[in-house]
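My request is simple: use the sequences and hints to build the entire structure.
Protein chains: 10
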Amino acid sequence: MAISEISTKFLAAKKAKGLSFADLEAKLGYDEVWIASVLYRQASASEEEATKIVEALGMGSEFVEYLTECPMKGGLDPLVPTDPLIYRFYEIMQVYGVPVKAVVHEKFGDGIMSAIDFSIDVEREENPKGDRVKVIMCGKFLPYKKW
Amino acid sequence: MAISEISTKFLAAKKAKGLSFADLEAKLGYDEVWIASVLYRQASASEEEATKIVEALGMGSEFVEYLTECPMKGGLDPLVPTDPLIYRFYEIMQVYGVPVKAVVHEKFGDGIMSAIDFSIDVEREENPKGDRVKVIMCGKFLPYKKW
Amino acid sequence: MAISEISTKFLAAKKAKGLSFADLEAKLGYDEVWIASVLYRQASASEEEATKIVEALGMGSEFVEYLTECPMKGGLDPLVPTDPLIYRFYEIMQVYGVPVKAVVHEKFGDGIMSAIDFSIDVEREENPKGDRVKVIMCGKFLPYKKW
Amino acid sequence: MAISEISTKFLAAKKAKGLSFADLEAKLGYDEVWIASVLYRQASASEEEATKIVEALGMGSEFVEYLTECPMKGGLDPLVPTDPLIYRFYEIMQVYGVPVKAVVHEKFGDGIMSAIDFSIDVEREENPKGDRVKVIMCGKFLPYKKW
Amino acid sequence: MAISEISTKFLAAKKAKGLSFADLEAKLGYDEVWIASVLYRQASASEEEATKIVEALGMGSEFVEYLTECPMKGGLDPLVPTDPLIYRFYEIMQVYGVPVKAVVHEKFGDGIMSAIDFSIDVEREENPKGDRVKVIMCGKFLPYKKW
Amino acid sequence: MAISEISTKFLAAKKAKGLSFADLEAKLGYDEVWIASVLYRQASASEEEATKIVEALGMGSEFVEYLTECPMKGGLDPLVPTDPLIYRFYEIMQVYGVPVKAVVHEKFGDGIMSAIDFSIDVEREENPKGDRVKVIMCGKFLPYKKW
Amino acid sequence: MAISEISTKFLAAKKAKGLSFADLEAKLGYDEVWIASVLYRQASASEEEATKIVEALGMGSEFVEYLTECPMKGGLDPLVPTDPLIYRFYEIMQVYGVPVKAVVHEKFGDGIMSAIDFSIDVEREENPKGDRVKVIMCGKFLPYKKW
Amino acid sequence: MAISEISTKFLAAKKAKGLSFADLEAKLGYDEVWIASVLYRQASASEEEATKIVEALGMGSEFVEYLTECPMKGGLDPLVPTDPLIYRFYEIMQVYGVPVKAVVHEKFGDGIMSAIDFSIDVEREENPKGDRVKVIMCGKFLPYKKW
Amino acid sequence: MAISEISTKFLAAKKAKGLSFADLEAKLGYDEVWIASVLYRQASASEEEATKIVEALGMGSEFVEYLTECPMKGGLDPLVPTDPLIYRFYEIMQVYGVPVKAVVHEKFGDGIMSAIDFSIDVEREENPKGDRVKVIMCGKFLPYKKW
Amino acid sequence: MAISEISTKFLAAKKAKGLSFADLEAKLGYDEVWIASVLYRQASASEEEATKIVEALGMGSEFVEYLTECPMKGGLDPLVPTDPLIYRFYEIMQVYGVPVKAVVHEKFGDGIMSAIDFSIDVEREENPKGDRVKVIMCGKFLPYKKW
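Top to bottom, those sequences are chains X, W, A, V, L, C, D, E, S and U. Residues 1 to 147 in full-length UniProt numbering are what the first sequence lists, from first letter to last. Residues 1 to 147 in full-length UniProt numbering are what the second sequence lists, from first letter to last. Residues 1 to 147 in full-length UniProt numbering are what the third sequence lists, from first letter to last. Residues 1 to 147 in full-length UniProt numbering are what the fourth sequence lists, from first letter to last. Residues 1 to 147 in full-length UniProt numbering are what the fifth sequence lists, from first letter to last. Residues 1 to 147 in full-length UniProt numbering are what the sixth sequence lists, from first letter to last. Residues 1 to 147 in full-length UniProt numbering are what the seventh sequence lists, from first letter to last. Residues 1 to 147 in full-length UniProt numbering are what the eighth sequence lists, from first letter to last. Residues 1 to 147 in full-length UniProt numbering are what the ninth sequence lists, from first letter to last. Residues 1 to 147 in full-length UniProt numbering are what the tenth sequence lists, from first letter to last.
Worth flagging that the hints you see were computed from the coordinates, not collected in a lab.
In silico DSSO-like cross-links for lysine-lysine, where the CA-CA straight-line distance does not exceed 30 Å:
1. K129/D - K134/U
2. K107/V - K146/X
3. K27/E - K107/D
4. K27/D - K9/D
5. K9/D - K9/S
6. K52/W - K9/W
7. K9/D - K107/E
8. K134/A - K52/A
9. K146/A - K134/V
10. K134/U - K146/W
11. K52/S - K107/U
12. K146/C - K129/L
13. K129/D - K146/S
Written out as structure tokens, the structure reads:
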């Protein structure tokens with residue numbers, strides 16, 4: 001994913017302010033992954049949310065509208081991503097996709113986990129053998145409609 | 001992913017026994033997703049684990065060795081999966097991959113979440129507006145070695 | 001999409017009975033496209049629905065369970081389908097995808113039309129210059145969750 | 001689909017005027033999706049239509065000719081689109097493509113729904129459980145010529 | 001394109017009878033390319049047409065229904081065909097596609113040549129420097145509908 | 001195919017002169033599709049031909065050399081083109097490629113239609129049910145050499 | 001390229017006879033690469049040539065017709081071949097394709113080396129530093145037709 | 001392959017000097033294809049060779065270093081090239097790759113023709129029926145090491 | 001890579017004998033990876049080597065010839081492998097390919113590491129923090145020939 | 001992989017200083033491949049490491065921060081690389097991937113060689129028959145977690 005020009009400006013402002021996404025979460029009360037998604041133009045904010053974010057970054061109000069637009073989402077290139085951190089999610093899907101599907105169907109019936117009515121969190125889990133990354137995805141179960 | 005012939009036999013035995021993966025978890029003490037991964041031949045079991053699983057499924061001991069072999073993993077076809085439930089994981093990677101990468105790097109430095117020293121759980125979260133699927137991934141953080 | 005062996009049996013029974021999908025709709029009260037989706041193993045039926053369908057096709061009750069299973073969906077091969085009728089849907093997405101996205105966002109805000117809480121109907125619209133195919137898609141609008 | 005430079009100018013003018021596509025539909029009497037297709041350079045307008053659109057956007061007449069040119073259509077990249085809203089149309093084709101094909105052939109014989117002598121509308125359907133997006137495609141049935 | 005089993009039978013019957021497609025054209029009054037398309041299951045015949053073809057091939061009437069079915073069309077694999085004769089059509093599209101598009105738009109306006117209301121003929125043109133293959137495509141011009 | 005900068009200049013000059021490709025054919029005596037191929041840099045002209053074309057477009061003689069260069073041909077992107085008019089040629093190859101191959105082999109033996117010693121013409125065929133696009137391809141038959 | 005069943009039979013007969021392709025060349029007077037192409041079903045033989053080849057392999061005359069059929073050619077899978085010997089030809093095209101194109105155009109003008117009116121030979125060139133493989137391709141230059 | 005900016009400068013200098021690659025071969029004593037490969041940045045020259053080439057092109061000595069760098073080679077895009085002259089090499093590999101492999105193995109054993117210890121020449125072979133392009137590839141046979 | 005039928009037989013014999021590849025190395029004096037490559041039909045053995053291997057596996061001499069044939073090598077499917085262990089080699093190439101290229105060119109000049117005059121070894125390196133896999137590749141440097 | 005603008009600056013500084021990666025290794029005590037990875041933005045350095053590298057290259061301290069950022073890694077384009085030196089690693093994976101997997105599993109059990117807790121070295125091995133490139137990969141064995 002080429003980082004868009006506008007995202008680059010937001011990230012530069014954030015860096016200049018010396019703020020981490022966790023700092024923004026603490027300051028604004030929104031989750032850090034969601035804030036990152038807004039700045040990388042993968043999610044849109046309301047006027048109010050955008051104003052708060054822009055202010056926290058010390059940017060002018062003319063930047064608000066860039067965060068309220070519904071972005072063209074996705075765009076990782078190539079289709080199978082080459083960055084090792086991001087690829088691991090592809091690998092997890094390749095290896096555990098079918099087993100997870102089987103378990104979801106047993107627990108919920110035919111349907112899916114929504115990726116829209118959805119949140120994703122990243123936590124650091126301390127562990128004497130080496131800390132662990134915890135990624136928690138939580139999406140509404142959507143049963144298939146019959147008609 | 002074409003389900004392999006040997007997996008089909010294990011799944012048929014499980015169905016004949018009327019067991020869900022959750023039943024197997026309750027019975028054997030292993031996580032249901034991991035058990036599913038073993039039966040779909042995405043993970044390997046030790047001799048002892050395989051023996052317990054095979055017995056729980058009411059199958060003969062000649063099936064044990066199929067579960068201890070290190071399988072050729074992955075194999076979803078095509079590269080971008082078409083099953084909607086599995087595709088959502090691809091979509092999450094497309095949309096949230098870069099934001100999650102940014103947050104992980106801020107929290108841990110340069111490195112990745114292991115997909116090997118890793119577990120994945122599926123839970124049903126009750127919710128009055130519709131129950132939710134919770135997928136918890138937990139992998140060791142691996143910092144890049146410098147040399 | 002290779003038509004699966006089990007679908008082939010259902011379609012052969014339907015042909016032997018001389019029933020169209022419209023006949024099945026009239027008989028069973030389910031939409032013809034949905035019934036076709038079940039027989040092509042793109043959708044799953046409840047035990048009751050499956051029993052009625054199997055009976056309507058004059059098949060034995062041992063076929064019921066094949067229709068209640070949650071199928072691995074999709075599977076058109078190659079990724080860009082070559083059948084002209086099916087390709088036209090790909091072309092519509094290529095040509096009208098971005099304009100439709102813009103209009104949906106203006107009408108509903110950031111989110112998507114669900115393809116799960118979703119129905120699709122096919123109608124014949126009479127027209128002196130040549131009858132028209134009307135395809136009506138109707139899916140719940142799902143707004144992006146913020147968190 | 002990279003939005004072309006010329007489209008960006010039309011969209012900026014529309015934004016500056018504070019007009020939605022629905023407003024343009026109300027004002028000009030053309031469907032909002034079609035107008036969006038013209039501005040995104042997926043459809044061409046006649047001199048008269050282009051003049052009206054350009055005027056409605058408050059732009060100079062030198063922009064008329066850009067809307068009358070027959071554009072190079074399509075161009076979503078990659079072949080399987082990553083934007084979730086647009087992807088759902090791909091998914092619908094993957095899951096329901098073959099069942100719809102079967103129903104169309106039963107209703108009309110061998111042929112296709114035209115994607116050229118074709119219209120597509122987007123409507124908001126109110127629903128107490130959550131409003132729904134209705135997409136109505138209507139294309140002339142074209143029977144295969146024999147010769 | 002894997003030649004289907006049923007096509008193989010029709011082609012074997014044709015070979016056993018010692019008939020060329022040109023012979024079938026002479027005998028039945030249908031174009032040889034169209035007859036070939038029916039036998040390769042790229043086109044469907046009416047009951048009457050199918051009966052005549054099956055009889056000409058000296059096959060039993062149980063084969064008629066195979067030719068009346070609406071086939072899943074296309075299916076050349078890979079997407080860029082490797083057979084040199086077929087590839088040349090791909091090359092022609094690559095090299096002359098845009099110039100032909102420009103000329104069609106000048107001659108007809110925005111729209112396409114139908115590939116459905118369409119015929120294709122192959123002729124041998126005698127030429128002292130080496131005979132030439134003449135391929136004549138003729139499809140109805142379909143102007144884009146506006147709405 | 002991204003239209004090259006130099007082609008854009010030629011097309012702009014042609015537009016400024018108000019000339020269609022048919023006008024250029026009438027004026028210069030070369031086929032309009034070939035002239036378009038030269039301007040889109042898919043074919044090369046001799047010095048004399050290039051000079052005539054450049055003059056007809058009212059351009060300076062410094063543009064002659066751009067038309068005499070042997071261009072890098074093709075370049076439609078993606079491999080399966082998305083523009084509906086151009087795609088139809090891909091579809092024709094998918095659906096009729098194998099039947100045409102069979103007929104060519106019966107008429108000529110093993111070999112191909114040359115795409116080099118080749119011409120392609122576009123004609124408008126009047127027809128009360130709607131005019132038709134006629135595309136005539138004519139290439140030397142090249143038999144496979146044996147050695 | 002999956003070696004076809006019929007090729008496998010020819011190759012087995014050749015092996016049983018203990019004949020190399022060079023032996024067949026010596027015996028029949030055709031080039032060894034061409035004979036190999038016929039047996040791998042990439043080229044077709046005349047009735048007379050096929051009869052001689054079949055006899056040389058000690059096979060029954062019922063095999064003659066398999067060698068006279070015009071085969072579906074190519075079919076290496078995947079598009080970029082993985083066998084190292086065959087891949088080197090792909091690499092040569094990648095590295096030297098453009099320079100060779102430039103030299104051919106300077107020597108011959110705009111056109112191509114035919115791959116149909118074409119022969120390819122493989123020779124062993126003795127060399128004290130290690131023998132060399134010499135591959136000689138020789139195809140008729142085909143100049144682009146103008147029309 | 002996008003021709004790099006630096007290559008464009010070398011080619012412009014060559015054109016300004018009115019030199020063909022054959023002229024450069026005559027002048028410098030290196031093969032014309034190799035010189036072309038150096039200018040297209042597919043091969044690197046020694047300081048001495050680069051100096052001679054740069055001088056022959058009448059360019060300043062600051063251009064020498066560009067020719068001595070080890071370039072990133074290949075880069076034809078897409079993977080299956082669309083330029084007809086270059087594609088023919090792909091076709092030859094598709095059609096004759098397996099037969100050539102069989103003959104090389106019979107002549108040399110298991111191994112490959114090197115594409116590194118390798119030369120490629122282009123010659124014009126006069127022929128009354130039309131001159132022929134002769135491409136001679138000559139690479140060291142590399143037997144597979146066993147260990 | 002689908003494991004071929006013949007490889008499956010060799011691997012079954014090896015399993016029945018209870019032999020690891022390390023055991024075969026100890027017994028036969030060939031490297032274990034090379035032996036594995038022969039059994040997976042990625043490398044060919046001499047008659048003598050094949051005989052020894054077949055005997056060590058307790059198989060009949062009719063299996064010798066399968067190991068002396070020059071195999072069609074490679075064949076991992078898809079092009080980007082999904083098995084995590086094998087994928088890591090792809091990832092290493094993606095991340096370290098360009099840096100390694102730069103270092104090799106500085107150390108050796110323009111050329112490559114041969115993958116034919118090449119050996120690859122796998123060793124277990126003991127380490128208190130967790131044992132390490134050591135993969136040692138060693139290939140002859142091949143400088144580019146100039147001509 | 002397009003070399004990024006910032007990498008180009010670092011490489012230019014290195015060239016201006018006349019330093020090889022081996023010189024940098026000697027000077028800084030870090031491995032030359034790792035240093036190259038940092039400069040090509042495939043690895044990140046600590047503030048201290050970056051400062052040393054930047055100083056060694058004679059660049060201003062404003063360049064330090066570019067080397068401490070966690071880069072988006074990988075990015076070779078296309079998925080199957082065309083540069084011959086880099087491709088050989090792809091080929092090694094294609095040919096030896098499965099045999100190496102089998103040996104690793106026998107030596108270590110189910111798991112992988114880490115590509116993160118990993119080092120890669122390039123050495124020149126002198127050899128009378130031609131020096132050899134030795135590439136030593138060493139990664140922690142990561143056994144699959146069970147849960």
